[in-house]
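Student: Using the hints, position chain V with the ligands against chain S.
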Amino acid sequence: MSFIETQPLLAALIALLGLGVTFGAILGFASIRFRTEGNPLADQINQILPQTQCGQCGYPGCKPYATAIADGDAINKCPPGGQETIDALADLLDVESMTLDAEHGEEKAPKVAYIREEDCIGCTKCIQACPVDAILGAAKLMHTVIADECTGCDLCLDPCPVDCIDMIERKTGIQHWRWELPSDNLIASDRAAA
Amino acid sequence: MRATHSIHGGIHPVEAKALSAPGTVLDAGIPDKLVLPLSQHIGRQPEVIVEVGETVKGGQVLALGDGPMSVPLHAPTSGTITAIDDRAVPHPSGLTNRCIELSCDGNDDWVALEGLANWREIDRTALISAISLSGVAGMGGAGFPTAVKLNSPATQPIRTLIINGTECEPYISADDTLMQIDAPAIVEGAEILAHIVNAEEILFAVEDNKPIALAAMQEAVDASESNCRREVMSFPTKYPSGGEKQLIEILTGLQVPSGGLPAHLGIVCQNPGTAVAVREAILMGKPLTERIVTLTGRALNKPGNYRVRLGTPISHLLAVTAFDPKDNQRLIHGGPMMGFALESSDVPIIKTTNCVLVPTEQELPTPPPAQACIRCGLCAEACPASLLPQQLYWYARAKDQEQLEKHHLFDCIECGACSWVCPSHIPLVQYYRAAKGSIVDTRAEKTRSDRSRDRFEARQERVERELAAREAQRAARRAAAQKKAEQGADDDPIAAAIARAKAKKQTAEDPLGAPAGNDES
Ligand code: SF4
Ligand code: SF4
Ligand code: SF4
Ligand code: SF4
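For the protein sequence lines, the chains are S and V, in the order given. Quick note on this note's numbering: the first sequence kicks off at 1 and runs consecutively. Quick note on this note's numbering: the second sequence kicks off at 1 and runs consecutively.
Derived by calculation from the structure, the hints in this document are not laboratory data. Treat the hints loosely; a few may be bogus.
Quick list of in silico lysine-lysine cross-link-like pairs, DSS-like style, CA-CA up to 25 Å [said to hold, decoys possible]:
1) V:K17 - S:K108
2) V:K436 - V:K406
3) S:K140 - S:K125
4) V:K33 - V:K57
5) S:K108 - V:K399
6) S:K77 - V:K399
7) S:K171 - S:K77
8) V:K446 - S:K171
9) S:K111 - V:K57
10) V:K33 - V:K286
11) S:K77 - V:K286
12) V:K446 - V:K406
13) V:K286 - V:K57
14) S:K111 - V:K446
15) S:K77 - S:K140
16) S:K171 - V:K399
17) V:K33 - V:K302
18) V:K436 - S:K171
19) V:K302 - V:K17
20) S:K108 - V:K446
Interface residues of chain S toward chain V, partial, derived using beta-carbon atoms under 10 Å [unchecked claim]:
21) Q53
22) C62
23) E84
24) E103
25) E106
26) C130
27) V132
28) H176
All of these numbers come straight from a predicted model, not from anything done at the bench. Positions of the beta carbon are idealized from the N, C-alpha and C atoms, including for glycine.
Isolated chain S, as found in the complex:
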């Protein structure tokens, strides 16, 4: 008489235990062997954030905020990203979308910093403030902003002792103009234009 027949309950328990141990071992091995670096959810969130690095969300940059969202912080604290970013985040995290938390600021048209070069005294303070190294210049020499790299974060404004930095709108002019979506309440619209 075999063991299974004499002790069916015990046999079943042993079998289950064996299975558990085996799969546990496989899973454990896989989690070590195929470990992904860092926090994949936070990285996905960081992909969506606008990378302005302005700190308006209350964190020192987009990545820290991405990590915080992954840990459960609200998704509506990023004014530069605006509604579009909030919607994309809601989509990614499969949660209800919300409107921007006004406490952190309002959505504005993207800007770039412009240094009025004749007023710049070359103090290097703005260079130290810029999160993306978008300002060029050396001590006591005039500084200038690489407009293509500037994220429009405003962080260089406050440190400037002579207030020579202006924020100007990034997308002005005819090249940046886009057709508008016809308004949804379906009004008469210029058919020749459409």
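Tutor: Relative to chain S, chain V with the ligands alone:
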């Protein structure tokens, strides 16, 4: 003649081409002032090289091309530059853009022009640059710099040159007129173009509603010699047969793949006006400074095809064509299908203006308000690009960029056939244009934010590295001081002095003492 093929969809709107009496060119004259926008083509704005107050002659360069995607601008007649500033330009936005104002002196003095009569012996790059320097940009509508289109890479040999004389849009008869009066010049221009791209065959495409133009083209081909196989092809009239991809399918049966270019099939298309402009640029060295424009619509008492200097204000042309404002409330740049409404007549004619339509209200009524989509599917039947306009419409409303791209939004040629058939009068094309614009913007922002992320992370790393280095330096100094204290006074004073000097030298050499600004290089 080879058999032609038919395309999916298409519509048959009222043609109304006879209104502008194709076949005769009238002269619009030289107005007192010309307004020349710097951007009359797709691509970069050229750089102004004249100053206010300068007198210029016809054909003189006013602005130089800035890179390959840019073409220069020439004075269409002689006169004085009286302003360089931002003015209203023909653009759907109604926004202003940089323009040069030329006050004409009426003498029409020209600089001496020099052509390249022996073009067959000249290398293609030299011919392409001559075309570029003459400011030629596609005159069929989009305004793509012609030189760029001719400059296909060696990996993509061109076999067929198509001269697109389809002109399928209602009302417009500028190309028809050109083919009727100047067919030999078109054929010669095509010959030069074929030589440049090294094509084996030239196809002249004419819709069958232009019998006179067709006969004129055939006659010009028969009367001239060529190294290429040439054929004048005619096919049934249907809108929008003149779309580049549609025309290629009609003539060859081949489909340009989604997202691909005609060049991928070894084909390049050019407009008859462009062929003539290329001929003048090469044979006579004459820059592009005028064009034939169809001025039409029942609100004009003298509609027709006019030879117009670039920069001529539309208000001047309205006077020339005896405009009657009584019944009119719209001014359209281009045709009724693909054109856009202008906010004022104070805008100039540019290189891409093929038509100015000034209809009466009965003629082209203001569309009634849009209703909800009834899912009738007529739009899909009409679409020449075999798209699903109704789906695109829903996705555009939902701003679902992923689905829009999946449904080939970018294959839409904005022909307006779908809007035209839509029983609910939904301005479908405007949805697609808006959706395309926002997808283009999203892509650009994504590239930008990716770069910012990299730069931010690189900077974080650098800041951390600097902090760590400074910390290590401080620790080393602390250790040295401690050691010195331990060794006490009985130490050799000379050795101590050497150690001190060494330590000093090391700190001075350390690059981390430098200001942060030096890291910017
Ligand atoms: S608020 Fe500024 S720092 Fe925060 S996520 Fe948005 S862009 Fe980044
Ligand atoms: S230049 Fe000023 S506004 Fe632009 S990214 Fe740097 S700190 Fe921000
Ligand atoms: S034609 Fe108009 S109403 Fe009919 S399915 Fe298309 S969008 Fe809807
Ligand atoms: S506008 Fe676009 S979607 Fe509409 S019929 Fe033309 S190609 Fe098709």
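Student: Give a verdict on every hint.
Tutor: Status of the hints after comparison with the structure:
| no. | hint | in the structure |
| --- | --- | --- |
| 1 | V:K17 - S:K108 | 48 Å, violated |
| 2 | V:K436 - V:K406 | 13 Å, holds |
| 3 | S:K140 - S:K125 | 11 Å, holds |
| 4 | V:K33 - V:K57 | 14 Å, holds |
| 5 | S:K108 - V:K399 | 20 Å, holds |
| 6 | S:K77 - V:K399 | 22 Å, holds |
| 7 | S:K171 - S:K77 | 23 Å, holds |
| 8 | V:K446 - S:K171 | 15 Å, holds |
| 9 | S:K111 - V:K57 | 42 Å, violated |
| 10 | V:K33 - V:K286 | 21 Å, holds |
| 11 | S:K77 - V:K286 | 60 Å, violated |
| 12 | V:K446 - V:K406 | 19 Å, holds |
| 13 | V:K286 - V:K57 | 13 Å, holds |
| 14 | S:K111 - V:K446 | 16 Å, holds |
| 15 | S:K77 - S:K140 | 38 Å, violated |
| 16 | S:K171 - V:K399 | 21 Å, holds |
| 17 | V:K33 - V:K302 | 22 Å, holds |
| 18 | V:K436 - S:K171 | 17 Å, holds |
| 19 | V:K302 - V:K17 | 14 Å, holds |
| 20 | S:K108 - V:K446 | 18 Å, holds |
| 21 | Q53 | 5 Å, holds |
| 22 | C62 | 7 Å, holds |
| 23 | E84 | 8 Å, holds |
| 24 | E103 | 24 Å, violated |
| 25 | E106 | 19 Å, violated |
| 26 | C130 | 8 Å, holds |
| 27 | V132 | 4 Å, holds |
| 28 | H176 | 8 Å, holds |
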